[in-house]
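Line by line, the protein sequences are chains A and B. This note's numbering puts the first residue of the first sequence at 1, with every later residue one more than the last. This note's numbering puts the first residue of the second sequence at 1, with every later residue one more than the last.
In short, the hints are calculated from the structure, not lab data. Treat the hints with care, as some may be off.
Anything over 10 Å on all C-beta distances counts as not near chain B; from chain A, calculated [unchecked claim]:
id, residue
1, A8
2, F28
3, I33
4, R47
5, L90
6, F93
7, Y165
8, L179
9, W196
10, W202
11, T219
12, L232
13, L238
14, S243
Listed below are the simulated PhoX-like cross-link pairs for lysine-lysine, each with C-alpha atoms no more than 25 Å apart in a straight line [said to hold, decoys possible]:
id, chain 1, residue 1, chain 2, residue 2
15, A, K253, A, K87
16, B, K172, B, K154
17, A, K2, B, K109
18, B, K104, A, K87
19, B, K237, B, K196
20, B, K128, B, K70
21, B, K196, B, K172
22, B, K125, B, K109
23, B, K154, A, K2
24, B, K154, B, K70
25, B, K154, B, K109
26, B, K196, A, K2
27, B, K125, B, K196
28, B, K70, A, K253
29, B, K196, A, K87
30, B, K154, B, K104
31, B, K128, A, K87
32, B, K70, A, K2
From the three backbone atoms N, C-alpha and C, an ideal C-beta is built for every residue, glycine too.
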Amino acid sequence: MKLYRVAALIQRHLYLYQRSLPRMTEVFFWPLIDLLLWGFVTLYLQRFQTNLPKFVTFFLGALILWDILYRAQQGISVSFLEEVWSKNLLNLFVTPMHPSEFLAALISISVLKLLTAGLASAFLAWLFYSFNLFVLGVSLIPFVFNLALMGWAIGIITMASILLYGQEAEVMAWGLAFLVQPISAVFYPVSVMPAWVRPIAWMIPSSHVFEGMRAVVETGAFPLEELIKATLLNLIYLSLAISFFYRNLRIVKDRGLLLRSGTE
Amino acid sequence: MGHPVVQVDHLTKSFNGFVAVNDLSFSIEEGEILGLLGPNGAGKTTLIQMLLGLITPTAGEIRILGLDLKRRREEILSQVNFSSTYISMPTSLTLRENLTVFAKLYGIKNPERRIDELLDIFEIKRLKNTITRHLSSGQLTRLSLVKALLNRPKVLFLDEPTASLDPDIADKTRRLLRAIRDQSRLTLLYTSHNMKEMEEISDRILFLHQGRFLASGTPAEILSLFAERNLEDVFLKVARGNRTTDRPKDQV
Numbered sequence: 001m002k003l004y005r006v007a008a009l010i011q012r013h014l015y016l017y018q019r020s021l022p023r024m025t026e027v028f029f030w031p032l033i034d035l036l037l038w039g040f041v042t043l044y045l046q047r048f049q050t051n052l053p054k055f056v057t058f059f060l061g062a063l064i065l066w067d068i069l070y071r072a073q074q075g076i077s078v079s080f081l082e083e084v085w086s087k088n089l090l091n092l093f094v095t096p097m098h099p100s101e102f103l104a105a106l107i108s109i110s111v112l113k114l115l116t117a118g119l120a121s122a123f124l125a126w127l128f129y130s131f132n133l134f135v136l137g138v139s140l141i142p143f144v145f146n147l148a149l150m151g152w153a154i155g156i157i158t159m160a161s162i163l164l165y166g167q168e169a170e171v172m173a174w175g176l177a178f179l180v181q182p183i184s185a186v187f188y189p190v191s192v193m194p195a196w197v198r199p200i201a202w203m204i205p206s207s208h209v210f211e212g213m214r215a216v217v218e219t220g221a222f223p224l225e226e227l228i229k230a231t232l233l234n235l236i237y238l239s240l241a242i243s244f245f246y247r248n249l250r251i252v253k254d255r256g257l258l259l260r261s262g263t264e
Numbered sequence: 001m002g003h004p005v006v007q008v009d010h011l012t013k014s015f016n017g018f019v020a021v022n023d024l025s026f027s028i029e030e031g032e033i034l035g036l037l038g039p040n041g042a043g044k045t046t047l048i049q050m051l052l053g054l055i056t057p058t059a060g061e062i063r064i065l066g067l068d069l070k071r072r073r074e075e076i077l078s079q080v081n082f083s084s085t086y087i088s089m090p091t092s093l094t095l096r097e098n099l100t101v102f103a104k105l106y107g108i109k110n111p112e113r114r115i116d117e118l119l120d121i122f123e124i125k126r127l128k129n130t131i132t133r134h135l136s137s138g139q140l141t142r143l144s145l146v147k148a149l150l151n152r153p154k155v156l157f158l159d160e161p162t163a164s165l166d167p168d169i170a171d172k173t174r175r176l177l178r179a180i181r182d183q184s185r186l187t188l189l190y191t192s193h194n195m196k197e198m199e200e201i202s203d204r205i206l207f208l209h210q211g212r213f214l215a216s217g218t219p220a221e222i223l224s225l226f227a228e229r230n231l232e233d234v235f236l237k238v239a240r241g242n243r244t245t246d247r248p249k250d251q252v
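Same shape as in the complex, but just chain B:
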């Protein structure tokens, strides 16, 4: 690991008195894959959106790549990218057209070459001239990941990136992200509701609950802390607000 590329100090966000993110401080080291875990409403999306400058914090400071997000937004965002299942791309355009627009927005030199390279890696190069609306949900997710890697980001925020992928492609995607991390010291902030995936890909996990960090550590440390065998049981324990992981009878 290297120096911190994401530094968050006393970050708070409240909406009309409801505190979504409550005085969070943490950092992400260069080349680290940080898993952000928490039940719905824990504050994960709000946190990621603040890190991307889409939500203005109520208090606190965000520094990415050593720069203050409030003052150096443009410089930071040119070296950062984001992919989420919540968003998509214009469906009337072909993959090539969509990616060309984003490549140009990021000021990428020789965009065609970069687009071909990434489409090839994600095994969707043959669909380059296909209209985006004709893609399956798995192919759309891969397109979103290609978009997220176009500008060779130093920091990548991924919000449930493998949600629509079949196990084979999801596994390839995780391996690929790890390989890119190893090659280029890419720093990743990753959210997923697939606990096995979180356990597998994350170097470190931050467990968020009601806007606060409940726990932080390697996946093994988190399991040990909650005395559970896997992250899913930890998740259930926290989400249900009690110390039992017993599942309802109809789910057993």
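The shape of chain A in the complex, shown without the other chains:
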């Protein structure tokens, strides 16, 4: 892997964001809207749910952390779509660039996006609701890391699908993460789900992260077991996602579909 090529690909996206106000706004706009909407809903519900301790922390913490996962996924899939939309994919694939360098660049862009959006959300939550995300303490680092890993796995699966099926699969870039959200225990524990759904929910790394977050808020204990499970599941899914990407790239090259992906 050549770092100068990874840096060149990152620079391409930095140029894009620096020049495009809508893209720059998008990084902050949706987290802000989510935060305002759900923040006020949370404050309202808190009046009635007095027996549920630290309601704001549960809800806003979950909202900000979920957005980190979503931004991580979008950092990969939308950055890939930028190449498809600009018909630049063939230009890139005829350079000496290796697919692993391409992946490394997209992951780096995703890190920049999720840090920007995450810090902005954390600041706004503090500003509007006096909510301090950092009450989660040192657990916050493995939480964010695991959510980023899951976001990357979903992002890579999305990208590999668009590569193979063309822009018809574009909808996955906006919806795939939300497909797993209901069984990710983001805003409610796994225990409230129907019994037959629970084993599926425990297969989702983010369920362990959000259960862990609730444990930190309630007891203050570091949720080591949940984090180990989340990390192991994430490593499995990320490996599968990368294999899926290379498999699809091989099929695309075999079927001659790269021209379509790069020019349609």
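Go by the hints and put chain B onto chain A.
Using the frame of chain A, we list chain B on its own:
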């Protein structure tokens, strides 16, 4: 001419039983401009994409600069480049930004100098800080050619490079490509539907039809083989699958 820099042996590509490229063998000598001619669906794009590693061949071997494309892809692609009307560059970036990204992908030392030099040659230096979406189609084509020459390629694949250019710029581009070829022994594989251009620029022409070579030779040899006065008539004869070059009455 020198030694072969592109060597293709028994190259075949089939898609679900349809044979797009059928057992092709040919070579391109160093410094040669090879014109690839053929009607739509003849297999030109598939062939070029295989030479660039974008399509995996069903059978056969490709060696570029003496290296096996399957095993030495990175090394080969750092010395090769490509320009096509089918592809473009990110339109929200300026010319300078787009070219800087590609220069860095190719690991070019002092990219600013190389970019300025090429923009000057293609007469678009004044547009260096212009957003790419504001360029005309002719300017976009020139930008694509600048990108294709950034890494001082030894082999250049050009798929209809002058399609959007006015006759003046198209002529300058052809002269320029010939000049670069003469100076640096650049090897070119060139496709175009402009038959006059193909006749003018190509040292040798490979005529592809239904995935096979129908004819090969200098433009004069091709004309002689088909007993026609120009390549356009040869093309019409092959594309229509008969021996007549009579055009429909409404085109006469």
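Okay, the hints, checked on the actual structure:
no., hint, result
1, A8, "violated (3 Å)"
2, F28, "holds (19 Å)"
3, I33, "holds (24 Å)"
4, R47, "holds (47 Å)"
5, L90, "violated (5 Å)"
6, F93, "violated (6 Å)"
7, Y165, "holds (17 Å)"
8, L179, "holds (30 Å)"
9, W196, "holds (41 Å)"
10, W202, "holds (40 Å)"
11, T219, "holds (49 Å)"
12, L232, "holds (34 Å)"
13, L238, "holds (25 Å)"
14, S243, "holds (18 Å)"
15, A/K253 <-> A/K87, "holds (17 Å)"
16, B/K172 <-> B/K154, "holds (21 Å)"
17, A/K2 <-> B/K109, "holds (15 Å)"
18, B/K104 <-> A/K87, "holds (19 Å)"
19, B/K237 <-> B/K196, "holds (16 Å)"
20, B/K128 <-> B/K70, "violated (37 Å)"
21, B/K196 <-> B/K172, "holds (15 Å)"
22, B/K125 <-> B/K109, "holds (20 Å)"
23, B/K154 <-> A/K2, "holds (22 Å)"
24, B/K154 <-> B/K70, "holds (19 Å)"
25, B/K154 <-> B/K109, "holds (17 Å)"
26, B/K196 <-> A/K2, "violated (43 Å)"
27, B/K125 <-> B/K196, "violated (29 Å)"
28, B/K70 <-> A/K253, "holds (12 Å)"
29, B/K196 <-> A/K87, "violated (29 Å)"
30, B/K154 <-> B/K104, "holds (18 Å)"
31, B/K128 <-> A/K87, "holds (21 Å)"
32, B/K70 <-> A/K2, "holds (20 Å)"
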